[in-house]
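J.: Protein chains in written order, with the working numbering: chain A, 1 to 140; chain B, 1 to 282.
These aren't lab readings, by the way, just hints derived from the structure by calculation.
Ideal placement from N, C-alpha and C gives every residue a C-beta, glycine not left out.
Just to be clear, a hint being listed does not mean it is correct.
[As the list claims (entries may be wrong)] Cut-off 30 Å, straight-line C-alpha distance, at most; resulting in silico cross-link-like pairs (DSBU-like, lysine-lysine):
hint	chain 1	residue 1	chain 2	residue 2
1	B	Lys36	A	Lys116
2	A	Lys70	B	Lys116
3	B	Lys116	A	Lys35
4	A	Lys70	A	Lys46
5	B	Lys116	B	Lys134
6	B	Lys131	B	Lys23
[As the list claims (entries may be wrong)] Per label pair, the in silico range of CB-to-CB distance:
hint	chain 1	residue 1	chain 2	residue 2	range
7	A	Pro133	B	Gly227	25 to 35 Å
8	B	Ala123	A	Glu112	33 to 43 Å
9	A	Glu45	B	Lys134	54 to 64 Å
10	A	Pro133	B	Glu187	39 to 49 Å
11	B	Pro210	A	Thr102	47 to 57 Å
12	B	Asn178	A	Lys35	38 to 48 Å
13	A	Gln76	B	Thr251	45 to 55 Å
14	A	Gln76	B	Met1	45 to 55 Å
15	B	Thr113	A	Lys35	22 to 32 Å
Each chain is listed here by its residues.
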Amino acid sequence: MQEKSAFFSKISGVVTLDGKPAANAKITRTVNLNKDKVDYTYTDEKGYFEMPAVFQRTVTKFLPQEFVAKQDIVVQYDGNSYDIWSGVKRTPEENAEARGKTLNVQCELNSEKSFKQVNNSPYISRCTWPTEPDEIDTGF
Amino acid sequence: MELKPTQAASLAEDVYALTKYTKLDEAVIFLSNKYKGAFDFNGDNIIKGKTGGPGLIKCQTAFGFNLIGSGTYAGHAFILLRGTQYLADWLTNLNIGCSRSSFHQLVHDGFNTAFKSMEQQFADFMETSVKKGKIHTIHCIGHSLGGALATLCGEWIKAKHGIKPYIYTFGSPRVGMNSFATTCTREIGSERIYRAYHKTDVVPCIPIWPYVHTPYSGTQYYLYSPGVLPGAEYHGMNHYVASVRGKSWQTLSALKPEEKKRFQYCRLAQRRRPGRRHYEGG
Chain A
1 MQEKSAFFSK ISGVVTLDGK PAANAKITRT VNLNKDKVDY TYTDEKGYFE
51 MPAVFQRTVT KFLPQEFVAK QDIVVQYDGN SYDIWSGVKR TPEENAEARG
101 KTLNVQCELN SEKSFKQVNN SPYISRCTWP TEPDEIDTGF
Chain B
1 MELKPTQAAS LAEDVYALTK YTKLDEAVIF LSNKYKGAFD FNGDNIIKGK
51 TGGPGLIKCQ TAFGFNLIGS GTYAGHAFIL LRGTQYLADW LTNLNIGCSR
101 SSFHQLVHDG FNTAFKSMEQ QFADFMETSV KKGKIHTIHC IGHSLGGALA
151 TLCGEWIKAK HGIKPYIYTF GSPRVGMNSF ATTCTREIGS ERIYRAYHKT
201 DVVPCIPIWP YVHTPYSGTQ YYLYSPGVLP GAEYHGMNHY VASVRGKSWQ
251 TLSALKPEEK KRFQYCRLAQ RRRPGRRHYE GG
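In isolation and in its complexed conformation, chain A is listed as follows (with noise of 0.2 Å):
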């Protein structure tokens, strides 16, 4: 028995560099479960890029499994390179990553990164959007 996830959902975003649009820049995205899959797109004069939804087929067997995919993105621009992107996702539906939003980012590429969880997913990232993160509740 196959199933259709999504490793990472559909990405569009502005990447900036002190406010200034980053234009050219060069986007690598890797989401790895097994192994890694890779692929690229560069931003337009407005800084902004997109980025299709990645799936893979999982197989479901009887044995259970935990679904743990590694996402990132690398930004490269001006000679340097940013990561702006690390997060784990835990869940395979399409869209987790906005709470079955469409996955809008904001990047800055001089900030620091910053912790936000969604949908039991921990990103840690250089990108703001705005979907609400969870509750946690760790117990410590």
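Given chain A's structure and the hints, the job is docking chain B onto it.
T.: Relative to chain A, chain B alone:
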């Protein structure tokens, strides 16, 4: 002092994501956002260069995470172990597979081999962080295969270091034979072993007899889950997190009377899917 169910379940859940964060700064951001001041990231507590990642325990890929407590949890060490999407692969070795644990008892060879491949890393952690760090309490925590590994790790800590750790498992398969379960329970004490499982989680039903659960006596933490037959869905760590949220071990142990029923479900499942075929899925 033992951990609360919510705490143990959160750590068993988060080790899946933590082992994917191979950069130190990201692991620290993750832990400090979710656990506030509970862990100490100073000095070399978290960095174990030899194994490549921050505090990572590796077995082919990262399999676990060591942490040292801080503040309220100063003096506590945490060993977190995750399960695998290849649980079926470990279990298919089971029909003939049996080997000796740290107390020389018979255990499932697949679990034991996985544990042995990480043993040196546990030894290093004990030497560098635990012995020098005034650690008085060790918590071994895991879900699924990680629960089996946490049990073996707890037994190893007692056998090699004479320390009685706490062991917390969620949806753990059966680790060893009767002699292992009784020895491990006697050496560590059933009051320090917290085994939580859902009625309809299939994994605690395997490997089938003669394997038995640890602890052999004492309290087991049976959790209600909907449905009749054991299956894959209620093995998910997210369901365990939800089932124990805000509850105490005492509340969870009160659910025990239904225990007998669960064994009937397990037997039924085994009758329906005889032999090893069902471990291979598909």
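J.: Look at each hint and say if it fits the structure.
T.: The hints, checked one at a time:
For the proposed pair Lys36/B and Lys116/A, the alpha carbon gap of about 14 Å is at most 30 Å, so the pair holds. The suggested pairing of Lys70/A with Lys116/B holds, with an alpha-carbon distance near 27 Å, which does not exceed 30 Å. Under the criterion of a C-alpha separation no larger than 30 Å, the hint pairing Lys116/B with Lys35/A is consistent with the structure, at around 25 Å. Note on Lys70/A and Lys46/A: the hinted pairing holds, with a Cα-Cα distance of about 28 Å set against a maximum of 30 Å.
Restraint check for Lys116/B and Lys134/B: the C-alpha separation of about 26 Å stays at or below 30 Å, so the hint holds. Between Lys131/B and Lys23/B, the direct Cα distance comes to roughly 26 Å. Compliance with the 30 Å bound is thereby established for this hinted pair. Checked against the given bound of 25 to 35 Å, the beta carbons of Pro133/A and Gly227/B, roughly 31 Å apart, stay inside it. The given range of 33 to 43 Å is respected by Ala123/B and Glu112/A, whose C-beta atoms sit roughly 37 Å from each other.
Restraint check, Glu45/A to Lys134/B: a C-beta distance of roughly 59 Å satisfies the suggested window 54 to 64 Å. Checked against the hint of 39 to 49 Å, the C-beta distance between Pro133/A and Glu187/B comes to roughly 43 Å, which is consistent with it. Checked against the given bound of 47 to 57 Å, the beta carbons of Pro210/B and Thr102/A, roughly 54 Å apart, stay inside it. Distance hint check: the CB atoms of Asn178/B and Lys35/A are about 41 Å apart, consistent with the given range 38 to 48 Å.
Checked against the given bound of 45 to 55 Å, the beta carbons of Gln76/A and Thr251/B, roughly 53 Å apart, stay inside it. At about 49 Å, the CB distance of Gln76/A to Met1/B agrees with the hint of 45 to 55 Å. In this structure, Thr113/B and Lys35/A meet the distance hint of 22 to 32 Å, their C-beta atoms being roughly 23 Å apart.
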